[in-house]
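Peer 1: Residues per chain, in single letters:
Number of protein chains: 2
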Amino acid sequence: MASKKKSKPSKQGKGAKSGKGKKSAKAAKTGKVKTGKMVFYFGETKCEGHAGQKMLLGGKGANLADMVSIGLPVPPGFTITTDTCAAYYDCGGKLPKGLMDDVRANIRMLEKELGKKFGSDTNPLLVSVRSGAAVSMPGMMDTVLNLGLTDKAVEGLAKGTGNRRFAFDAYRRLINMFGDVVMGVDHHKFEHAFSAIKTKYGVKEDTQVPTEGLEELVAAYKKVYKDQVGADFPQDPLLQLEHAIKAVFSSWNGDRAIEYRRIQEIKGLNGTAVNVQAMAYGNMGDTSGTGVAFTRDNTTGENVFYGEFLVNAQGEDVVAGIRTPEPIAMMEKRFPKAYAHLMKVRAKLEKHYKDMQDIEFTVENGKLFMLQTRTGKRTAQAAVRIAVEMVKEKLIDEKTAIKRIPAGDLTQLLLPYFAAADKKGAVTVTRGIGASPGAATGKLAFTAAEAVERAHKGEKVLLVRKETSPEDVAGMHSAVGILTSTGGKTSHAAVVAVGWGKCCVVGAGELSIDEKAGKLHVNGRTFGRDDVLSIDGATGEVMVGAVKATIPEKISGDFAKVMDWSTKHAEMKVRTNADSPEDARRAREFGAVGIGLCRTEHMFFGGDRMDGLPVTVRLLDPPLHEFVPHEEKQQAELAREMGLSLEQVKRRVSQLHEANPMLGHRGCRLAITYPEILRMQIRAIVEAAIECRAKKVDARPEIMHPLVGTKKELALLRKWTEETIQQVCAEKGVKVGGKNGLDIPIGTMIEIPRAAVTADEIAECADFFSYGTNDLTQMTFGYSRDDIGSFLPAYLEKGMLEKDPFQSIDTVGVGGLVKMACEKGRAVAKAEKKAFKLGVCGEHGGDPASIAFFQKCGLDYVSCSPFRVPVARLAAAQAALKS
Amino acid sequence: MASKKKSKPSKQGKGAKSGKGKKSAKAAKTGKVKTGKMVFYFGETKCEGHAGQKMLLGGKGANLADMVSIGLPVPPGFTITTDTCAAYYDCGGKLPKGLMDDVRANIRMLEKELGKKFGSDTNPLLVSVRSGAAVSMPGMMDTVLNLGLTDKAVEGLAKGTGNRRFAFDAYRRLINMFGDVVMGVDHHKFEHAFSAIKTKYGVKEDTQVPTEGLEELVAAYKKVYKDQVGADFPQDPLLQLEHAIKAVFSSWNGDRAIEYRRIQEIKGLNGTAVNVQAMAYGNMGDTSGTGVAFTRDNTTGENVFYGEFLVNAQGEDVVAGIRTPEPIAMMEKRFPKAYAHLMKVRAKLEKHYKDMQDIEFTVENGKLFMLQTRTGKRTAQAAVRIAVEMVKEKLIDEKTAIKRIPAGDLTQLLLPYFAAADKKGAVTVTRGIGASPGAATGKLAFTAAEAVERAHKGEKVLLVRKETSPEDVAGMHSAVGILTSTGGKTSHAAVVAVGWGKCCVVGAGELSIDEKAGKLHVNGRTFGRDDVLSIDGATGEVMVGAVKATIPEKISGDFAKVMDWSTKHAEMKVRTNADSPEDARRAREFGAVGIGLCRTEHMFFGGDRMDGLPVTVRLLDPPLHEFVPHEEKQQAELAREMGLSLEQVKRRVSQLHEANPMLGHRGCRLAITYPEILRMQIRAIVEAAIECRAKKVDARPEIMHPLVGTKKELALLRKWTEETIQQVCAEKGVKVGGKNGLDIPIGTMIEIPRAAVTADEIAECADFFSYGTNDLTQMTFGYSRDDIGSFLPAYLEKGMLEKDPFQSIDTVGVGGLVKMACEKGRAVAKAEKKAFKLGVCGEHGGDPASIAFFQKCGLDYVSCSPFRVPVARLAAAQAALKS
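Residue numbers (my numbering), protein chains in the order written: chain L, 22 to 904; chain H, 22 to 904.
It is worth saying that the hints were derived from the structure and are not from the lab. Bear in mind that the values here come from a model prediction, so they are computed numbers and not experimental data. Misleading hints may appear alongside valid ones.
Any copy, or any two copies together, can satisfy a pair, since identical chains are not distinguished.
In silico BS3-like pairs for lysine-lysine, Cα to Cα no more than 27 angstroms straight-line [claimed, not checked]: (1) Lys-388 with Lys-375; (2) Lys-413 with Lys-903; (3) Lys-854 with Lys-288; (4) Lys-740 with Lys-288; (5) Lys-671 with Lys-654; (6) Lys-537 with Lys-654; (7) Lys-845 with Lys-877; (8) Lys-824 with Lys-487; (9) Lys-740 with Lys-824; (10) Lys-369 with Lys-388; (11) Lys-740 with Lys-819; (12) Lys-903 with Lys-824; (13) Lys-671 with Lys-487; (14) Lys-210 with Lys-225; (15) Lys-537 with Lys-671; (16) Lys-288 with Lys-855; (17) Lys-288 with Lys-851; (18) Lys-845 with Lys-288; (19) Lys-478 with Lys-654.
Go ahead and model the full structure; you've got the sequences and the hints to work with.
Peer 2: Below you can see the structure in the form of structure tokens.
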């Protein structure tokens, strides 16, 4: 703020100064300023730009030209190019020669087209001035509206609109905006002046100030302006415009914009464009109005026009919700001509953009003006229906339809949810991380045992824990939802919940859980065992009491059609991560063609699984200490069973404790130190496969060794595995390999950075690789997924990470290792002429952005939790179509 | 054992069968058996092989030929080539045509040279048969001695030696060895027969059996042989030899040898050679004897002949320690002629091998026979003295001297140690991992506070803990040694101890420590606060009571000379990891030229440091929870100080607990989430540097950000760092950069796999990289250094790892990342034309094998703990000379 005050005569000087980067300094020396055509007009008179000129005209400018070029009624105006901004910096912060001449010429064209005049005391031309680079960028200059108002023009506006209060309200806004945004005046000064007027008239709200009060306010604002800027508020509209253009250019090198570009690594842009556009008023009486609409229903996807309209109002009023708008249908009655025009626009837009549009428009004295069109946001249900129907309507083809549906949103179609309307009345007491979508309402259970017991009695309970561990799995299964105070989206609770499609909120850090007392403290409130909470697994909201949940349909109709198209166009197969028959059945319904990850340790709590398709069984992975009891009661029980003293059991449990269990004695390290565990598991798999054969079930197990880091490990594990397969088959009189023989591929997870780096060595002993990108991400970044909650929010906020790398693969670092391992592995397999499969079984297997990356790596399949299977199928098709 | 019995007619069949690998099967088909010359004679008559033929003659064969060729008196014999072994397999397990003809011819030559005859009843020729590949390999056939004895020849031997008992003892040994090793007879059968004889004669020891008993034993052994093999013990010496040759060849593909080659990845070898050599007897009466010696004193390095001698004895007797040998000087009196010969041999050996030799010899009837020579093992002290003196003697040059001293052993010259003699009387109660060499004796302290308190009172205490943490540092410093029951060589205790050169034994898993009771339980014994233990930090031994320690000299004399040579020839600089003035002073004495790692968190316990040389200050690294008290008493104190409730402190401490702190909220993640900590540290460094300038001290700090994983992190940290430097300098009126300005390089640790993978991006923001290979190894392998103790021993034993990767860098995996990062970083620095330094500051910086690897990567310096500095200096010189 201090710097703003000092920046006389204007902010531009400062901006221009800070703009003296290496590049511009250099260009200034050589004197090479390539500007070309500096101003592009858009309107009925002519339209000089087009949609393809984003780099030159910025996104906004190109879009305005596009709308005009397809004949939409857009308020006319002109765009000053981004090259002109670059020239401004090359000149050391001066407008390039000839620019203002061009601007004046364009203003004259605008005046002519609209029959208005800059500064006129009867029918003044007012414009808005906006910045707009090729990439949307916070930190640049905001809009200046109503530019062109002067002491004289304000009278003209009052006459033209027949609304003096409106005219002076617009003028005081201009002085305020222009003073603050363009000239760097501290906005508190204006606020103090406004307060004084309100006090004088004894009112509290801005809207209650009468017309004479606003006239006095304009005078007061002009005084503030003069005191701060050292000059009168400019009474020449062109001078206002010149200052505003400079301010937009300067804002390109404002601290915030530079910081944003630095963090987002936005490079190769010239500068910002400046859009100058005539104002259109929906608040000029009952023949005017404003509205927003979708060209189709954005919640259901039905092909009906859908929107809201407000008579005698400006766009801001609709958004702000001050007045209740009418349904769009009412517009037909009030403005039949404008409505008919709008219907034509609607058809034209869908034909032009070949997608559902979200539009803003204004009716000024019965005439329709389009202010904006953009692709409309929609629910998953609408996305699917619109895509399928547009194919039927031959607006788009199948491939386009596939590309257009946001794959990640498909889970919405499978899970219960809280509709926004139903959440309105609820009190949100805190918010965690939405880890597994869905809606759950229940009483609180504080331990897994309690959850099991109460669920057994028919109660609906939410399991509330600091964090969960495999010991809690039974309780998690019994609960309707899971709420934890720590952990991120790939914490134990989240991963298990996503696998089951069970609603889960994690990392709700404000919770303080007193397990013993059975109390949950949060933000000054306390909840006990009989209190009901509702959790929204999509948004992370934790609400007091029961909120009504909505259950969507299953895969059928349009959704099934999209899934069929996906299978047709995808190159990668989609398997599932499943450890129980229930999961396997569900995943088959959703279209999975195999199991990519069957975690043996999860079978401690389940039964049996899939037929006729490959099933990759991962051998024991977790650290030993997860298999011993940590509570004294259970320790005592174990001691009794094993004939040991409680002390002995405790000592052993304490010996098994690890400082960093993630990097400890787990995975294949267990198999190597306790080969009997490995042999027992292999025997079980082989015996099961042989039993299935006897029952004419085509079981195709694949054995996967976890946490392999060196070739020597896999070589030894493979040897032991083959020995045990041979041995069991010999016992059962079954042939190994060859025609009709039992053939069990043996492969490994690639989840240790070293395994990726030495993938060529490891491939020599493997029939397949399956990337365990969860652990690979943990070790490549050095992030514990159980602990990341303490710094991930800050990292995302500060732009250190674009996304949670456990949700969407880090394509450069972790992905770099995956790519390296794919290339090395494939090269070895090619040289050895052996069959070799590459897959992924980390949570990234269900993430569309990651799936696109895996397509580039040439993986054969992705594997994800059952509820992500449809997402993965669509994403795989999208990835194939993009490659 | 069962398989051995079945293997009739002989073990060869089985061996040959298992030898049908892919390669040999292929060669057999093509029939291409390239054997060339199959037998190489060595003796006075002629010497056909030479030292360079290791691949063809095996190590042993080439060495025997070498000794003969320089005129040493070696019992003559011949070597059958490794190619012949390959041909044996190519022929499907048959001796190649013509081999036995060649063998017979060579036997004849041997008989002629020695005047003895195979099977003679007056003067029989006896030979030993040994395997010997190019690489020493356990699992292959052991020696067969006395081959050539038959019913007839044994009488000849009895006559020749005048010792009938000796002759029959030799014969029964042959039948036993031949039966067991060559023909696969279960050795228990022989043992039973021997027991029966001993019972008959009422004796307990083998040596008490009279001559007639041995004669009966020979008869009994022949019966066992016939029963088991199905044929008489061969009375044709040449047939014995043929069987023995086949047995050696077969043993090449025995299970153990194959397994050994698989694990050690020994490839490209043809097979084993067979060495047939005449026997020489030192036990033929008082004119015979045997001895071992070093050509110089192997403990002090003094140029004196040093060894032991035993009259009328065989080599085995010296090694077994049954009789007490005499000093070598006594030999001069007894065998003046043989001794004079030996002196000549000694001189010749040193001239030929240009190194101190470890020799074995036998005197048979006054004639000297050399049985073996090899480079002698020596203490570090001896290695240094011998190298320096040999340069003086012009036997070798400086470079050879440098290459020859085992760098890792130099620490022996700096630390107190328990001499083997002094340990003899002590009771070793358990053994841990020798983590930091040295010798320590003290009473037991069970907490850090107790150690500090008792040390303050003048007691010498050993700190005994399950594991140590930064809270224990003061106690560790006060103790004379540290003993832990968990952790490996890079656990907290080990790393801190090595840094201080303090004796430390970790991972003594048999210890059970009861901190509250102040008791240590181990293997049925209990030790309390007043009991004294002695720990050997080199071997890991834990001994009862006080053991005398020996303190070696400091750097001076020959040692200093070697260090000077090292500096002259090294390319990489050697810095030190030091956090206190004491460490810095010590490291300077040892020749460090800067500090490569100054850990700010360790300064919580220390003071100030180094002048005129670069000092790389690493910013705060450990997880937050290490800075809060974990014991209730201290928590209560903190609560009082901060005006909080104990509950609040406990809750916060529990919030800071992490599941995997190694992968948690630490390193630069702290700086990014708490920028005030970063700014405070930068301010302190800059203010200190400015104060030093005022005092005319040339302080050259370098600021190092730990745990960086992404370019964005370092970019932001660098920005904040530069801002703070600017700010402090502005306050103090000091210029930044330029001539005489304060110039502080800003760099990063490369210790996260992702940082290595994206080193090109990160290098854009860095003035230097310092590889933190400890953490990089943890994350690349997925091994927690605090938890590796539970599986590392099994991994080393099973050959999954060749070495502890925390001690010596894994050049393929972790090293692959280091190399990649070096290349990427240098390329960026080159493109940007900026100064860029590469160093390493993990514990690997003091490991010779790792230093050799870092030389290949082109690092500018290594940094290690003060006591490793001399090691690193020598290793750096060795690495430079080898590259």
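Peer 1: Is it within, between, both or neither when you check Lys-478 against Lys-654 at 27 angstroms Cα-Cα?
Peer 2: within (24 angstroms within a copy, 44 angstroms between copies)
Peer 1: For Lys-671 and Lys-654, with the copy left unspecified, which applies at a CA distance of at most 27 angstroms: within, between, both, or neither?
Peer 2: both (11 angstroms within a copy, 25 angstroms between copies)
Peer 1: My question is about Lys-288 and Lys-851: at a cut-off of 27 angstroms on alpha-carbon distance, are they close within one copy, between copies, both, or neither?
Peer 2: Close across copies (22 angstroms), not inside one copy (40 angstroms); limit 27 angstroms.
Peer 1: How would you label the pair Lys-671, Lys-487 (within, between, both, or neither) given a Cα cut-off of 27 angstroms?
Peer 2: both (23 angstroms within a copy, 15 angstroms between copies)
Peer 1: With identical chains, the pair Lys-388 and Lys-375 could be close in the same copy or across copies; at 27 angstroms between alpha carbons, which is it: within, between, both, or neither?
Peer 2: within (26 angstroms within a copy, 106 angstroms between copies)
Peer 1: Taking 27 angstroms as the upper bound on the Cα-Cα distance, should Lys-210 and Lys-225 be classified as within, between, both, or neither?
Peer 2: Within. Shortest intra-copy distance 18 angstroms satisfies the 27 angstroms Cα cut-off; inter-copy 113 angstroms does not.
Peer 1: Since the copies are identical, ignore which copy is meant and state whether Lys-369 and Lys-388 lie within 27 angstroms (CA to CA) inside a copy, between copies, both or neither.
Peer 2: within (18 angstroms within a copy, 114 angstroms between copies)
Peer 1: Evaluate Lys-824 and Lys-487 at a C-alpha cut-off of 27 angstroms and name the case that applies: within, between, both or neither.
Peer 2: within (24 angstroms within a copy, 40 angstroms between copies)
Peer 1: Indicate which option fits the pair Lys-740, Lys-288 if close means a Cα-Cα distance not exceeding 27 angstroms: within, between, both or neither.
Peer 2: between (53 angstroms within a copy, 19 angstroms between copies)
Peer 1: One pair to classify: Lys-845 and Lys-288, alpha carbons no more than 27 angstroms apart. Within, between, both, or neither?
Peer 2: Between. Shortest inter-copy distance 22 angstroms satisfies the 27 angstroms Cα cut-off; intra-copy 33 angstroms does not.
Peer 1: Reference check for the pair Lys-740 and Lys-819, CA-CA at most 27 angstroms: within, between, both, or neither?
Peer 2: between (49 angstroms within a copy, 13 angstroms between copies)
Peer 1: Since the copies are identical, ignore which copy is meant and state whether Lys-903 and Lys-824 lie within 27 angstroms (CA to CA) inside a copy, between copies, both or neither.
Peer 2: Answer is within: at 22 angstroms inside a copy they meet the 27 angstroms cutoff, but 47 angstroms across does not.
When each numbered hint is compared with the structure, no violation occurs for any of them.
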